[in-house]
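**Q** Spelled out from the first residue to the last, the chains are:
There are 2 protein chains.
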Amino acid sequence: MNKKFIIGIDLGGTNLKVALLDLNYHIKDKEILSTRSFMEKDHLISGIVHAVNRFIKYNNLSKAEILGVGLGLPGPTDAKNGIVHFFPNIPGWKEVKLRDILRKKLGLAVFLDNDAKLMTIAEHKLGAAKGFNNVLCMTLGTGIGGGLIINGKLYRGFNNAAGEVGHMPINEKGAACNCGALGCLEAYVGNRKIGLEAKKSFKRNITLEELSELAERHNKIAIDVWCRIGGHLGFALAGVVNLLNLDAIVIGGGVAKAGRVLFDNITRALKNQAMIVQAKRVRILKAKLGSEAGIIGAAIMVKEGL
Amino acid sequence: MNKKFIIGIDLGGTNLKVALLDLNYHIKDKEILSTRSFMEKDHLISGIVHAVNRFIKYNNLSKAEILGVGLGLPGPTDAKNGIVHFFPNIPGWKEVKLRDILRKKLGLAVFLDNDAKLMTIAEHKLGAAKGFNNVLCMTLGTGIGGGLIINGKLYRGFNNAAGEVGHMPINEKGAACNCGALGCLEAYVGNRKIGLEAKKSFKRNITLEELSELAERHNKIAIDVWCRIGGHLGFALAGVVNLLNLDAIVIGGGVAKAGRVLFDNITRALKNQAMIVQAKRVRILKAKLGSEAGIIGAAIMVKEGL
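Note that the protein sequences, when read in sequence, are chains A and B.
Those letters in the first sequence? Residues 0 to 305, by numbering that gives the first Met the number 0.
Those letters in the second sequence? Residues 0 to 305, by numbering that gives the first Met the number 0.
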């Protein structure tokens, strides 16, 4: 049998990552493009098609050697029918039959799903969530993404919209959220909000990287900011843990790079708020696959046909 | 084959209900005892044993005709191993191997589980949740109980503690809850709290029954109390719906008798707060099996061996 490969694609608000993986999910080749250079929907689709064709050509492959193309997408999708409902941060996409479009243009099998769900699949199969049966995986960034493993399998809910942990509300008269509701977790811990909190505390602009570094060097003000952020996260996650009696919560995304100062405060707030039985069981873990989780999850989807 | 029967028992903080059911879950005989007349653990156990033996005797049955005894219990249990961890509202129970104790004393097969989980099983098999795949069932009373149907089956979580929707937090600096945490839903909508709210509004003591009746007769003050209670519930349930993309939420228990004034306000608050896709799908339904849900769920557990 000929050796086969998978093409994994992770479309984000900032980057379009395209990778060639073998069937053990090792990345053999990778390209990172800027999403913003494809302003129009049609340009973005051509960009994906050209990238896939380049990979095949420059790696001396034939289409027969490509098992399929998997895409992780930054918005609600209908994975079963291959439809993009919309992208909150990329304009011009509404009910796009992206799977059929790409299948026709590429002559390859195409699969797509929401990026947080693919990150969840990847962390469960190969990362920090491996071996756990009931897990919430979440990504902290501009938005908060999430996915659930229930009884060892990705849980989608009725129309593939489960996992929106960023929109668990934590204050009835809380801050307005981008989703239109009040007091959602995302309105407290999205990275723009963290930046604003830090700016208020330091009375100057400060990046999240610097905020993390300062906390590592025991800067009290920086630690205090992360303590508040961790407090909001732990409070919301206590509700998830009381409801779902999870084994583990896996946290990734840019903000998770803050590391121990963040994770310690999440754990502390969660243990304070959650019920004893549920709090005792759950482990709070850092995601392992980093920025490659989306690509790897896309490849797993192609191979295992989720 | 001889006709078989099941004995279903529902132990609550107030009543101990014992019933004889046929294999179609029709109740053939029923006794309601006061839980308080059995102050000691051993008295309660004897009370159960005597009730079961009475049922067998006065219905002219032999033990061979009893498929088994199922118990719904008001606290965290280890259903698999038949152990009661504790009862929040009945003192003196801690890590009691109730299944083995009863099995020995009765010479019958015994099964036990948490009462909210059995109510969930019953509503899913025979009640308002029938035909839905992903459902939260909750009971509103002194405490808030809950159970989850996920992908068509009862979801237990790691150690059978899933479903604690009453302990979803809704305000970071909220009221102290009996569980020791802050701002849990139960601290806002438990029936003692509703009573206090009503007393404050009416400047006199008022029962929940009267509060419901007044609302039905368009009393503005009563409607306003139910509006606030429904608001808290809808807000918390929006988080559950965003996280789990449920098909339905089934609400029972004494407080649910308030009826439309409560349900309309829950639905309104939920639709305001939940994300569009999730809000559009979910149905808010009143439980169908009423105070017999626990007994019926216990019988289902015996017959289907959950």
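None of these hints come from the bench; they were simulated from the model.
All figures in this text were calculated on a predicted structure; none of them were measured in a lab.
Careful, some of the hints might be misleading.
As the list claims (entries may be wrong) - Under the rule of at most 25 Å between Cα atoms (straight-line distance), these lysine-lysine pairs were calculated in the DSS-like manner: (1) B:2 / B:152; (2) B:198 / A:152; (3) B:172 / A:172; (4) B:79 / B:40.
Said to hold, decoys possible - Across the chosen pairs, the derived CB separations fall in these ranges: (5) A:282 / B:88: 26 to 34 Å; (6) A:12 / B:282: 32 to 40 Å; (7) A:64 / B:179: 53 to 61 Å; (8) B:218 / A:253: 15 to 23 Å; (9) A:33 / B:80: 34 to 42 Å; (10) B:25 / A:179: 44 to 52 Å.
Each residue gets a CB set at the ideal place from its N, CA and C atoms; glycine is no exception.
**Q** Against this structure, judge whether each hint is valid.
**A** Status of the hints after comparison with the structure:
1. B:2 / B:152: Judged against 25 Å, a Cα distance of about 28 Å means the pair is violated.
2. B:198 / A:152: Distance of about 48 Å is beyond 25 Å: violated.
3. B:172 / A:172: Distance of about 11 Å is within 25 Å: holds.
4. B:79 / B:40: holds, 21 Å
5. A:282 / B:88: 26 to 34 Å: Given range 26 to 34 Å: holds, Cβ gap about 31 Å.
6. A:12 / B:282: 32 to 40 Å: holds, 34 Å
7. A:64 / B:179: 53 to 61 Å: holds, 59 Å
8. B:218 / A:253: 15 to 23 Å: The hint (15 to 23 Å, Cβ to Cβ) is violated, given that residue 218 of chain B and residue 253 of chain A are roughly 53 Å apart.
9. A:33 / B:80: 34 to 42 Å: violated, 57 Å
10. B:25 / A:179: 44 to 52 Å: holds, 48 Å
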